[in-house]
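The residues making up each chain are set out below.
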Amino acid sequence: MKAFAALFTALDGTTKTSAKLAALTEYFRTAPEADRIWTIALLSGRRPKRSVSATELRAWAAEAAGLPLWLFEESYAMVGDLAETIALILPPAEARVEVSLSEMIAALIALTGQPEAQRRAAILRHWGQLGATERLLFNKLITGGYRMGVSQGLMTRALAMATGVEEAVLAHRLMGDWSPQEMRFEMLVRADAGGPDSRPYPFALAAPLEEGPDSLGDPGGWRAEWKWDGIRGQLIQRAGAFALWSRGEELITDRFPEFAPLADFLPHGTVLDGEVVAWDGAWDGTSDGAAGRPLPFADLQKRIGRKTVPRKLLAEAPALMLAYDLLEEAGQDLREHPFDARRARLEALVARLPEGLPLRLSPAIAFDDWASLAATRATARERLAEGVMLKRATSPYHVGRKRGDWWKWKLDPWTVDAVMIYAQAGHGRRANLYTDFTFAVRDGNALVPFTKAYSGLTDAEFAEITRWVQKNTLERFGPVRRVPPELVFEIGFEGIQESPRHKSGIALRFPRMIRWRRDKPVDEIDTLEGLRGLLRAAQA
Amino acid sequence: MAENPVLTFTDRGIFCPDGGFFIDPWRPVDHALITHGHSDHARWGHRRYLATHQALPVMRQRLGQIDAAGIAYGERLQIGGVTVSFHPAGHVPGSAQIAVERRGEVWVVSGDYKVEPDGLAEGFVPVRCHAFISECTFGLPVFRWQPQARVMEDITRWWAANAAAGKMSILGAYSFGKAQRLMAGVERIGPILTHGAVEEMTATLRAQGYPLPETVRAVAGVDGKTHPGALVIAPPAALGSAWARRFGPAEEAFASGWMAVRGIRRRRALGTGFVVSDHADWDGLNSAIRATGCERVFVTHGYTAPFRRWLAEKGYDAGIVATEYGEEAEEAAAAPVADPAAPGAEAGGAP
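As given, the protein sequences belong to chains A and B, one line each in that order.
Heads up, the first sequence is in the UniProt record's numbering, so the first residue is 1 and it goes up one at a time.
Heads up, the second sequence is in the UniProt record's numbering, so the first residue is 1 and it goes up one at a time.
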């Protein structure tokens, strides 16, 4: 693990991108091949199958360190990271034994399914043979969550520099559900690797348009679509492969059995980018006569968590894809073609398909000037859209987020003023800082919790609130502290849903703190009835 | 006959009724015994001060004209109905634990302390006592320091690598104690520059005879051009500031016990942190308490709630005393904001 630990130390010891890139490139040039593949896997969020549970790790570590479990928990609450806590409390290693990263992972995988006594003995033996950094990394192999301040993009760039293979090509090869146990480094970097496969392309991402579109220049050079609130997906139809990938690179083909007929009708060598939504065909449209609109995201969510979808859900929340881009046609990669050309091909492709398939065009929004687009955007909520997307007519389909060609122009969020009633410390970078809050609105004389939020404030505000929480704690429930209802915040959110699972009867979509309302007294916060009013408006 | 405890805990500080004095009080009092010169322990506004001879120069420098008397380590002094003595605490030069004895009953106030000798401060000496009032800034088992020699090697290596890359090395460290410990401990591979706040303390300690290397005050015009590859020692607040940028290309690092926790280091957006503290680590706290042979322990500032519970489970009569220590401005920049065991979280109180 020495080379991997040295890489980690180098990455962790700098905040400069250039230094990280140099360290990664050097590692990809020199580390053993099997280790390189696993490093790529770990840095792109993959990890070996878990052979030891977090509960077991805690218990064994506390025992090995001669500490009561409660003191372990106190330490964990302070450190905010399980793998690090264990690495810190264990007594120093007795005898260092060098094992490579891939050997260590193989040893961990071999533990799967073994009786507890054997797994425990193996973990304790490894702990006893590793230095401090190696021990942290070893624990992270089990708990997951390598946060080394390295984005997938940066890793891909380093890999490109180390191998001479083009970045975009590597990014594509790294997509999908490849297994680090079967993948060989050579397969990644050899030019002719490939053949028929179901791998998606890296998704092109849009940047938020905070100031409005006036700075974008001539509206004639731009195309607009709705920004849907569904699951971004790529639909792949190649010889021998039909696959639906989510943006999180998860294969979700089986969750949407109604898409199966598309495999019979889409020509081979087709890759579509679009939004998977649950569809309300009964909605009768707005002034432009467009029938149908998505069902709320919560209806789609019911289907995501399940491997097989019951018939009832299929009927209640039938899914379809609203396609907005064509990345591959007849096996040809179209990503470098201008958006207008891809769109024309997409429209022609969809027009050739028979009716009744779960695939539609995401409609283009016509507009003459920015003011008329702004007016259309203002009606986004009635279509259950989050706003509009703006794409430059000449833009290629970029790898990842490249500012300048694609923008998301979201609606201003809904807001309510609410009071904080519970606070909890965060993890990782926010360990030791109270950042996760529960908020309540008034219901008569009572306060009803209705949402949690943990983002939107500055570090300085979080630090100030943390000091306040320490001084004003009323009760402690493990890591959670009850505080007097005094601090008022403006909470922003994108959508509101009925939810029998919540005490308030509602659930918010993307709640966050817009600002700390120091000016607002608690008796002026919003009410549960007010939230119900927003819910009725949303359902209208 | 029931009598007063030797020491009591008041809202002005730790008080000795039979001696009529306070130890490290945080509100103005008549008679103050001071453990060491850090500003959360040696505060302004008392009528009379008593501290070790070695602690006085820094106190005078920070507090200006004060009415202060000095005492030697180990010297016994009768005050009212008690005898007091000062014993090395190993925290910073001149720092002391204060022992208060009344008819054979000994109470010791630790002040801040560390167990490992740092080559500069007078080395910690355990004092046998019945009741020990201990700090526990790092009273969780995640805090375990490396031997000083190892850390100094790391710092020297970092400095050398930066110098080889044509960069300055700016090291953030508390200006009294930590800064001098570092400059005395690193291998001197180039010039050492100091921030004004550090230089003042350094000059004072050097004049007292503490063995400190030659330093150059980083006044205007002293930078990476005049002193290429230098080590710059500055208070933590100077890191990332305009003052630090004027040296030209530089790497920054922070030397503090808090750097043991990766999340704290990352939150400060610091690449490099050296884990070096003038407080006792987990093992140091436990060994120090054991060495006193005491039955009662009162923990003051730090992770008081878990540390008290740990001691109670080990069989000590342990309590928490809420104090106003540990709020030193410079050090606060380093400390984590959330103390899961803030004073008052669990009942402590006076005996």
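Hints are computed from structural coordinates only; laboratory data are not their basis.
Note that this is a predicted model, so its numbers are computed, not measured.
For glycine and all other residues, C-beta sits at the position ideal for the given N, C-alpha and C.
Hints are not guaranteed to be accurate.
What follows is a list of derived Cβ distance ranges for each label pair [to be verified]:
1) A:179 with B:228: 47 to 53 Å
2) B:228 with A:53: 37 to 43 Å
3) B:283 with A:183: 40 to 46 Å
4) B:75 with A:91: 36 to 42 Å
5) B:187 with A:93: 48 to 54 Å
6) A:93 with B:47: 43 to 49 Å
7) B:242 with A:247: 40 to 46 Å
8) A:478 with B:283: 39 to 45 Å
9) B:228 with A:304: 25 to 31 Å
Hints versus structure:
The hint said 47 to 53 Å for the Cβ distance between residue 179 (chain A) and residue 228 (chain B), and at roughly 51 Å that hint holds. Checked against the hint of 37 to 43 Å, the pair residue 228 (chain B) and residue 53 (chain A) fails, with Cβ atoms roughly 54 Å apart. The hint said 40 to 46 Å for the Cβ distance between residue 283 (chain B) and residue 183 (chain A), and at roughly 45 Å that hint holds. Checked against the hint of 36 to 42 Å, the pair residue 75 (chain B) and residue 91 (chain A) passes, with Cβ atoms roughly 40 Å apart.
For the pair residue 187 (chain B) and residue 93 (chain A), the beta carbons lie near 27 Å from each other, so the given range of 48 to 54 Å is not met. Checked against the given bound of 43 to 49 Å, the beta carbons of residue 93 (chain A) and residue 47 (chain B), roughly 55 Å apart, lie outside it. As the Cβ distance of residue 242 (chain B) to residue 247 (chain A) is approximately 42 Å, the hint placing it in 40 to 46 Å holds. A beta carbon spacing of about 27 Å between residue 478 (chain A) and residue 283 (chain B) contradicts the range 39 to 45 Å that was offered as a hint.
Distance hint check: the CB atoms of residue 228 (chain B) and residue 304 (chain A) are about 59 Å apart, inconsistent with the given range 25 to 31 Å.
Violated hints, listed in ascending order, are 2, 5, 6, 8 and 9; each of the other numbered hints is respected by the structure.
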